[in-house]
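> Next come the chains, spelled out residue by residue.
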Amino acid sequence: MRAPLSWLREYVDLPAGVTGREVAERLIAAGFEVEAVDRLGADLSGPLVVGRVLAIEELTEFKKPIRHCQVDVGAANGTGEPQSIICGARNFAVGDKVVVVLPGGVLPGGFEITARKTYGRLSEGMICSARELGMGDDHGGIVVLPPEHEVGTDAIELLELVDEVLDIAVTSDRGYALSMRGLARETATAFGLSLRDPALLDVPAGNGSGYPAAVGDTVACDRIVLRAVTGVRPEAHSPLWLQRRLQKAGMRPISLPVDITNYVMLEIGQPLHAYDRARLSGPIAVRRARAGEKLTTLDGTARTLDPEDLVIADDSGPIGLAGVMGGADTEIAEVAQEPQALTAGGGPGAEWPVGTTDIVLEMAHFDQVTVARTARRHKLGSEAARRFERGVDPAAAAAAGQRAVDLLVLLAGGTADAGVTVVAEPREPRTITVAADHPDRVAGMAYGRETVVRHLQEIGCEVAGSDELTVTVPTWRPDLAEPNDLAEEVIRLAGYAALPATLPRPPAGRGLTARQRLHRRVGRALAGTGHVEVLSAPFVGPAQLDGLGLPDDDARRRAARLVNPISDETPWLRTTLLPGLLDALRRNVGRGSGDLALFETGLVFRPTGAEAPAARLPVDARPTDEQVAELEAALPAQPRRVAVALAGAREQTGWWGGGRPADWADAVEAARTVAREAGVELTVENDRHAPWHPGRCAALYASVDGARTLVGHAGELHPRVVKALGLPERTCAMEADLDLLERATPGLVSGPRVSSFPVATQDVALVVDAPVPAADVEAALRAGAGGLLESLRLFDVFTGEQVGEGRKSLAYALRFRAPDRTLTADELTEAREAAVAAAVERTGATLRGGS
Amino acid sequence: MSAPNKSYDPVEVEALKPEEIDRVRDEALAAFAAAASLDALREAKVAHVGDRSPLALANREIGALPPQARADAGKRVGQARGAVNKALAARQAELEAERDERVLVEEAVDVTLPYDRVPPGARHPLTTLSERIEDIFVAMGYEVAEGPEVETEWFNFDALNIGPDHPARSTRDTFFVEGAAGGPDLVLRTETSSVQIRSMLERTPPIYVICPGRVYRSDELDATHSPVFHQVELLAIDEGLTMADLKGTLDHMVRSLFGEGVHTRLRPHYFPFTEPSAEMDMLCFRCRGESAGNPDRPCRTCSSEGWVELGGCGVVNPKVLTACGVDPEKYSGFAFGFGIERLLMFRHNVEDIRDMIEGDVRFTRPFGMEI
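Top to bottom, those sequences are chains U and H. Going letter by letter, the first sequence gives residues 1 to 851 in the UniProt record's numbering. Going letter by letter, the second sequence gives residues 1 to 371 in the UniProt record's numbering.
So here's chain U without its partners, still in its complex pose:
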């Protein structure tokens, strides 16, 4: 809402020196977001006067047509002689009244005017356009003034070019503030001044002789007022003051009746509709649309109406979307196809639609939700809808009608029709009972009853009672319904700045949960081992899942679908972290970073198809635990995952020697790093699982609730995936389920007894068939070695002629130690042989190099 300060002053006697900035500060403190204070004409200075074009000489020798004009500016130039002025615009004629800036004047933007020679003639000033005067920039033509203004008149004052306009973003609960009336009330309160309420008008009661109305839905439309004005002069045009106020408020002047309805809406907040009476057939009806009905709205769009749409109709069918936009057929504005604003030079020539002399004005009150739904359904916003959605004062309809009638009579020479139609549902004023100290208890400071009552009265409430107040809410504040609503009014008017700052005392806390600590540790551990965290958007599409080479029946293809995705290419929610992470990897490579270790933790979304429909629960009481469980059952599983992607060198080449490319083992190690933070020992198996290389894919297992459970995969990506996704060769990745790892976390660690007896080391080299997993050999050795084995480490893997084709040699260092004695050579040999025997038996190993 744009509020000119000059207009505000009409309702509030602000001291002369008060600036727009000062008003803005007070309104901000009262809860209004003043986004800007536009200082119109701040750097404008005269002489700027009304002139009359006496003669026009068309100069044709230049690239574009130029006019050399003689303009009568009266005594403004000191001589009374015509002023010689060159002008490039053509939308004026001899005899037109125009705005002339004389040498010495300064136009907005610091544009100084001097007498100068141009196009071979002397130009002593300039004939101004609306844009040059800072009046708005929707039309570039010369301003042609109505003929009644005297030459030589100061145009700065005439056109009210110097003003300040407050641009206020009104929150959705305060519909009343979308009017000068509402903002003036807040301004008056903020300055402790009284308000001249523009809606305080004497209005006639309804009588039987008004234009007939039929309201078919009194819930959606609880009030309609119809007034009529006859004998309107077709040539009447909006006076400058009216046009200028509309312009400053951000609206374009169109024609007198339309301008008046807009003006009254801005002033009082009640949207009005003006109909050409001759185009109406039968009573004005308010009803729901019938299926299949069509309406072409003022914006020229033909719309098929929904049976829920509330329409204004006459015998011919719908003539408007109630509270949203009028129809093209009956609308006065429709005929004024050429905007007849003064900015377009239309002033004196602006005429009404042919034959419109009788006007019917409709002032109705529509239900907020009905209007909001229709506006949303038809994606049609309008000034009227904006107000109805936020709440319009139903009691102001009659006053708005009276104001519009008065203006039509005054400015268009019409006659007010004696007939007044009022169809209104009886409405009791709303009262709220509230403890007088309730605002104190909400705020945490003592205002006292007197202050509370005063502030409530300032916003228009009537207040009765002492400890318990009965507050009657004004009709323009439908947002006030609960005691806290009233508390907010008191606290904001007393000033949020006055609130003290105190600290509550929460009960003693227990810090982060084990799960939260684990999530932090995982992030630190991965970052500590050189991985950089990525937070990618969870939107994926078929291209990414295809790129990963997922089989058609892969569970990761069962994704939750967005109804309104940002992009049609990514309509799903991720079922794996890999697409986003690999995107980030590719982006980094594209930007010249080749050696990369990235990680991400976050939720993936795994619908099973067995989710229940989400119930619509009431909000007037806590849902039962069963109802909450039902809601939960509607949600897809959303486990937290961790993923790592690696490419390029894991260790760089440098003065210390050669580097090392990231490989499958780094991906597995990243998984172990994560698992270690959970205190979990992973077991690893070879696996074939997209998107990994079938020969370089590790399945990761942990013991979850006593059961061996798959918790993730790691390894090198499949070369086809690497190619399809445009990744660096040999890109490696890991993804694991953090929720499962958390559940796999064992209980308290028992402190080990540390033996101080000497260690005995034994090395064994075993030859097995190449496909035999090292993990199996190790498990066998451990099992065979028995309790004396302290640790075991694979220190070499060897293939070659010596071990034979299709075989591999695994060399292990075994460390034995007893808790209570030094081991004897016999004990050592026995344990070692038992270990080897187990490996031989379980994995077909042979001992290499005898011994």
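These aren't lab readings, by the way, just hints derived from the structure by calculation. Positions of the beta carbon are idealized from the N, C-alpha and C atoms, including for glycine. Be aware that a few hints might be false.
Partial chain H-side listing against chain U, Cβ under 10 Å, derived [as the list claims (entries may be wrong)]:
no., residue
1, L113
2, E134
3, E146
4, T152
5, G163
6, V177
7, Y216
8, D238
9, L241
10, T242
11, M243
12, Y270
13, N317
14, K319
These stretches of chain H come out as covered by chain U in the derived footprint (C-beta under 8 Å, 3 or more residues) [as the list claims (entries may be wrong)]:
no., stretch
15, 155-162
16, 353-363
Please build the complex by placing chain H on the supplied structure of chain U, with the hints as guidance.
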């Protein structure tokens, strides 16, 4: 070795003459002093204290002396050998020290050589900033609460007093997710307030929780908007909580994050889930408000406003308490929420929100492990 001299004749033994002993002693001392290296010293040692050295030979001759002469000669030889051994040890130590010194010099390296064998990792600044805020409140006794990102509309809207016709419930603001029935009955949560609702259902008052997490709005991605962003929200429910408690809590948070002297200001606003509601600003921590109205001291952080917008807050609407089974007659509460991206932008001079989403390691690395 010569046989003992049994004749008791005072045989003159050349090697035991005092001047001869002095001479070989001096020779030895000179040789040690002259030894320039440990190898040379080793040779001098063989020559002057070895088995075949003059002093060793002289020592052997002592037995050949008549008894009355032995003590004298023994003393002389002993003193000489003592002096020689001492000098040898001293020189040995000296030369070893020199050698050690030299080795250290030879082993010197250029410690300015870079070592970037494994380039450092880093956590995302949004993660660490969120944790930083969590820690401030955990220290005060709050719990950190979490919840799902795909939510039912009841948790995300209805329970928060966001009615069915509220504009936020349109596809212009909210991502809808197809539910089981194929209909749009789920949403990507638009604020972590849904976790507040869950907290109230799961706990009994007093409730003090902080709810960090990812949220979604159907905005196009540009320099200052992202369809995916992060929030921290707070909810406190207890007997007698007030707006003053909210103000004090906010002040404590911004002091913890930005230092003493920074405080917040509340401006009336409207949210369905709080009543009264406010927008919260904090004093610009860089210019301390001094840039406002002062063209000589422009401030980029606050655009010379003196204040930086943080987010929304207010007293929990009693309707929200009712929907969650908390008695509004007995309990009251306050809540606030703000975006971590915005906070990161002005706290750390980040100009483009896309840098936080794209995962460029050059952006993330400098933030390290904590923020």
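> Mind listing which of the numbered hints don't hold for this structure, in increasing order?
none
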